[in-house]
Amino acid sequence: MDTKKVQPVIRFGGDYNPEQWPEEMLERDVAFMKETGVNAVTLNVFGWAAVQPERNRYDFRRLDTVFDRLEQSGIGIVLATPTAAPPAWLFHEHPTMLKVGENGQRAVHWSRQAYCPNHPVYLAEIRKLAAVLAQRYGKRKALLMWHINNEYIVHCYCDHCAEAFREWLKRKYGTVERLNEAWQLSQWSLTRTSWEQVSPPIGGMSHTSHSLDYQRFLSDSNLRGFLAEKDEIVQHSPGIPVTTNFYSLDFRGQIHPQWAPHLDVIAWDSYPPHRDHAVWSAFQHDYFRGLKHRPFLLIEQATGSVNWKEYNPAKRPGMMRLQSYQAIARGAEAVMFFQFRQSRGGVEKFHSSLVSHGSETENRIYREVRDLGRELAGLEVLASAGIGEARVAVLFDVTISWLVDWNRGSRDVSYRDAVTAFYRPFYEANIPVDVVHPTDDLSRYEIVVAPMLYMFDEGVPEQLRAFVKRGGKLVMSYMSGMVNGNDVVEHGGFLRPIDDVFGIIVEEWDAFEPDMANRITWKAVAARTIEKNFSSGTGVTESFLTSDSMCPSYEVQKWAEVVQLQGAESLATFEEDYHAEQPAVTRHKYGKGEAYYVATHPEDAFLRELFGWICQQHGLESLGGRDVPAGVEITSREGEEGTYLFVLNHNSETVEFHLEEAVGGWDLMKGRPVNGGLITMDGYGVAVVRQESRKEPIDP
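Using this note's numbering, the first residue of the sequence shown is number 23, and each one after it goes up by one.
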């Protein structure tokens with residue numbers, strides 16, 4: 023949290039929902055909070071019915087009591103506006119406030135987020151409630167931050183949304199004729215002659231341009247509600263930061279870069295999969311940090327298992343601590359959980375928490391939480407440490423994930439999977455990366471990786487051209503530059519209007535069935551050296567010559583494109599099928615830089631080598647070098663007292679290795695020097711090493 027009021031403490035705690043429990047539990051809960059080191063709670067997230075049980079009656083007695091008791095105990099409060107869960111009486115008064123689903127059916131009120139974000143009554147009521155809460159609590163000393171609503175992933179297709187959508191389109195396109203052209207509605211006689219003929223995409227996606235703009239409209243609709251509440255809060259509670267909690271990138275509802283300027287600090291909820299949790303979380307930490315290029319809040323995570331996924335394994339001993347430090351290492355200023363005490367009923371009653379059913383505190387999870395809270399209390403120096411500059415950027419646009427789902431040609435093609443595959447080599451090599459939007463300023467980077475940049479939104483081609491022209495290296499993958507910002511193909515084919523930057527023409531694409539594959543031969547240079555930190559192998563240095571018999575071969579899956587060289591050189595070629603001997607990976611010099619194109623989905627080993635080669639040309643080195651074992655993540659933050667190296671063991675087994683950067687450093691966890699740079703960690707272990715700043719002597 024980047025305000026003087028809350029620095030330099032790492033905030034530790036979670037959602038607290040006392041309205042679900044008898045009042046006498048409060049003292050017990052506060053005692054547990056003090057024991058575990060909780061110094062912040064998110065309060066009142068779903069408490070609308072509790073504070074306003076009837077139209078003209080507020081009841082703040084319970085919330086006042088909790089607020090007062092937490093304040094007396096020195097526990098900071100992130101106060102939520104409970105507008106994600108309107109009360110039953112409001113839906114009873116205005117049944118059309120219930121949202122309508124994609125299937126055209128109106129929801130029933132048995133869950134949160136059952137409202138229409140464009141209903142005039144909802145917009146009026148949330149503004150009123152935000153004002154009442156801000157007037158009552160907005161200047162309390164324990165108030166750290168305002169948390170508006172919760173996980174804005176609301177979708178509605180009702181008549182109110184239909185009318186609001188038409189007004190949104192009028193502002194964007196001006197005339198129906200321009201809308202027809204932008205969406206290419208001449209196909210199938212879909213041309214509209216009046217705005218009244220435009221409706222929401224009931225029944226699911228049927229026309230991709232229509233559905234894309236509707237999802238953009240829904241993001242703006244949710245943002246409209248957020249800003250309505252923020253207006254009231256800022257008026258009555260000046261100087262207190264305002265945020266909301268972003269959800270995983272796998273859900274529709276928000277276009278985060280458009281929201282980010284309106285949030286004082288970015289906050290997000292992390293619920294990684296059990297498998298591949300390390301790279302999944304690292305990517306999203308880098309993404310949410312990249313929205314403002316500033317620290318963020320991990321405002322929700324699970325202490326153990328959740329209950330709502332298809333499979334819900336428990337976090338193994340040490341995993342929760344490890345994932346918490348991974349967040350801090352990549353920029354988090356808070357480690358918070360959902361929730362403090364488990365719910366007794368409803369769909370989340372088996373979602374893990376700090377205090378569990380029955381045994382409450384006599385269990386492994388509570389002990390791990392308590393130990394982590396106490397540990398973080400002694401590491402205040404990390405809260406004010408900054409994040410170093412990355413020289414590599416990976417481009418990500420959440421709207422492309424929707425478009426790829428609608429246009430992918432194969433159920434195995436996934437935008438998120440492609441981006442992760444191209445991000446993974448940098449993560450595994452411990453090279454810092456920013457994950458940024460394609461329209462962000464790229465001038466600070468030397469290497470930009472743009473996997474599956476399916477849509478070239480307005481301004482993106484020009485930005486990429488300028489980046490390469492001034493000396494950057496751009497790597498793009500298959501299924502890129504296929505459409506413009508309205509999901510319409512530009513005349514001239516793929517990669518228009520910057521196909522000349524890549525020096526190729528993409529003639530056709532081939533989406534594989536599950537049992538189909540191909541292979542590519544890597545013929546990049548006459549002799550080259552790939553360091554072990556980008557290879558999957560044995561720790562030896564490998565050299566390959568241009569002789570086909572000596573060139574390595576790699577499997578490719580999912581997709582292949584037929585590429586015609588127009589000035590580019592071929593670095594790798596396909597081996598099989600009608601693609602044989604045709605370019606699979608190309609390089610083209612443009613201006614002072616280079617543009618690479620990967621026309622297929624290679625196995626991880628090839629991407630490690632490709633990016634290893636590119637990074638070597640730029641002198642980009644990984645933290646830890648070649649001696650770091652697989653599964654060990656290393657990153658750093660910069661503080662006034664020096665550099666803090668975070669060493670995270672994502673393996674279940676003990677690791678021991680020499681870390682040159684840790685020589686002469688101080689192990690903050692063990693409270694002792696790192697002798698000779700030797701790092702030893704248990705499975706899922708964590709080390710934080712402070713390396714004092716080495717200031718150059720000043721010449722007299």
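If you're looking for bench data, these hints aren't it; they were derived computationally from the structure. Watch out, some of these pointers could steer you wrong.
As the list claims (entries may be wrong) - Each computed PhoX-like pair below joins lysine-lysine, with the alpha-carbon atoms no more than 25 Å apart:
id	residue 1	residue 2
1	491	614
2	491	611
3	163	150
Said to hold, decoys possible - Each pair of labels, with its calculated beta carbon distance range:
id	residue 1	residue 2	range
4	410	515	37 to 45 Å
5	533	702	22 to 30 Å
6	493	682	43 to 51 Å
Model, not experiment: these values are computed from the prediction. C-beta: ideal position from N, C-alpha, C; glycine also.
How the hints compare with the structure:
no. : hint                  : verdict
1   : 491 x 614             : holds, 5 Å
2   : 491 x 611             : holds, 9 Å
3   : 163 x 150             : holds, 23 Å
4   : 410 x 515: 37 to 45 Å : holds, 40 Å
5   : 533 x 702: 22 to 30 Å : violated, 48 Å
6   : 493 x 682: 43 to 51 Å : violated, 30 Å
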